[in-house]
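Chemist: Using our numbering, you'd call the opening residue of the sequence shown number 45 and step up by one each time.
By construction, these hints were calculated from the structure, which means they are not laboratory data. Using N, Cα and C, we set each Cβ at its ideal position, and we do this for glycine too. Since no wrong hints were added, every one of them can be taken at face value.
Label-pair ranges, simulated between beta-carbon atoms:
hint	residue 1	residue 2	range
1	172	119	50 to 60 Å
2	389	256	48 to 58 Å
3	191	257	54 to 64 Å
4	378	333	18 to 28 Å
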Amino acid sequence: MKNHLGISGKLLLAVCFAATGCHGNEDEKPLVLSPVNVQVQLIGPAGRNSADRINYSSTIQADKSIDISAQVAGTLLSLPVEVGQYIEKGQLIASIDETVYRSQYNAQMAQVDLAKETYDRILTVYNKGSIAEIRMLTARADYEQAGAAAKATYQNIVHCRIYAPRSGYIGTRNIEAGATVSPGVPIVRLFDISTVSVYVPIPEMEINAYKTGVTAKVHVGALGDKVFEGSIDKISVAPSSGAPIYTIQVKINNIGNKLKPGMSCDVAFNGGNQPARETAMAETLIPLQALQVDEQKQNFVFVVDRAVKKAVRRNVQAGDLYENGIGIKSGLRTGDELIISGFHKITDGSSVHVIN
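Generate the whole structure from the sequences, applying the supplied hints.
Modeler: What follows is the structure, encoded as structure tokens:
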């Protein structure tokens with residue numbers, strides 16, 4: 045059986061609810077929201093906020109590399125060095141079979157002895173006035189030529205032993221013992237890494253912003269993101285073939301030889317020494333997280349109105365993106381206090397409390 049309230053019953057309930065509501069409102073206070081704690085960044089003149097250089101990726105290269113080759117042909121007898129081995133200047137790198145050159149030298153020395161004996165006899169006779177001077181001069185020339193030929197052959201023997209022209213690391217071994225070597229064909233490559241270089245590609249729009257001597261920070265991931273200090277040593281005056289890209293050489297003193305050729309690195313040029321690569325002339329750099337966008341794709345930020353202690357929405361025009369922020373072309377003025385934390389809790393007109 046359905047239970048229906050009569051009209052009088054409904055009126056009674058309404059009165060009871062109304063009475064209860066009235067008594068409850070007597071003890072309630074108007075709801076007041078607490079100010080949101082925010083941090084702010086003071087905006088300076090446009091273009092004065094320095095932007096960090098976006099890191100350039102490159103690799104470590106030996107400042108000097110030497111292809112060491114033989115000066116004579118022959119069979120390689122030994123190659124007593126290994127890839128990665130550090131060798132001192134003057135240390136033996138390779139030896140070539142000198143048998144052929146030694147035999148030639150011995151034969152030529154015999155010719156030298158014979159020529160000397162002949163010259164001595166003719167000189168004695170000449171001194172007695174028994175023969176013409178031309179005979180003596182010819183004998184002397186034969187003796188000198190034989191001696192010169194022997195000395196040249198002896199140099200071939202000397203060149204059969206190859207020594208390091210400077211200290212460094214063996215980078216590559218291009219041949220093994222037992223193989224035949226030829227003059228000018230590299231046997232090993234020697235790296236001098238007491239100083240190393242990083243060759244940084246720079247777009248044409250930025251190359252004129254740099255000068256030699258500008259310092260740079262080189263981050264090397266293979267060494268636990270260790271940072272090395274370097275400086276610009278050379279700047280190319282011609283672009284790479286087929287692309288408007290120039291090259292800057294950054295030189296680093298490799299203390300302890302920790303940097304090895306081929307290691308990947310990121311290079312950032314120090315803003316204090318960098319004549320350009322600040323935000324564009326009409327841009328002000330702000331933290332990227334402070335920039336927001338609404339449903340209409342309008343970029344905006346919040347600034348503080350100190351007079352009323354409230355947040356004010358400010359529409360802005362975004363510019364270029366940098367590693368440490370984004371440039372703002374318009375919408376901010378010098379002296380504005382940009383809200384950089386707590387902005388996700390506020391709307392236009394929210395009460396705020398500046399904590400920095």
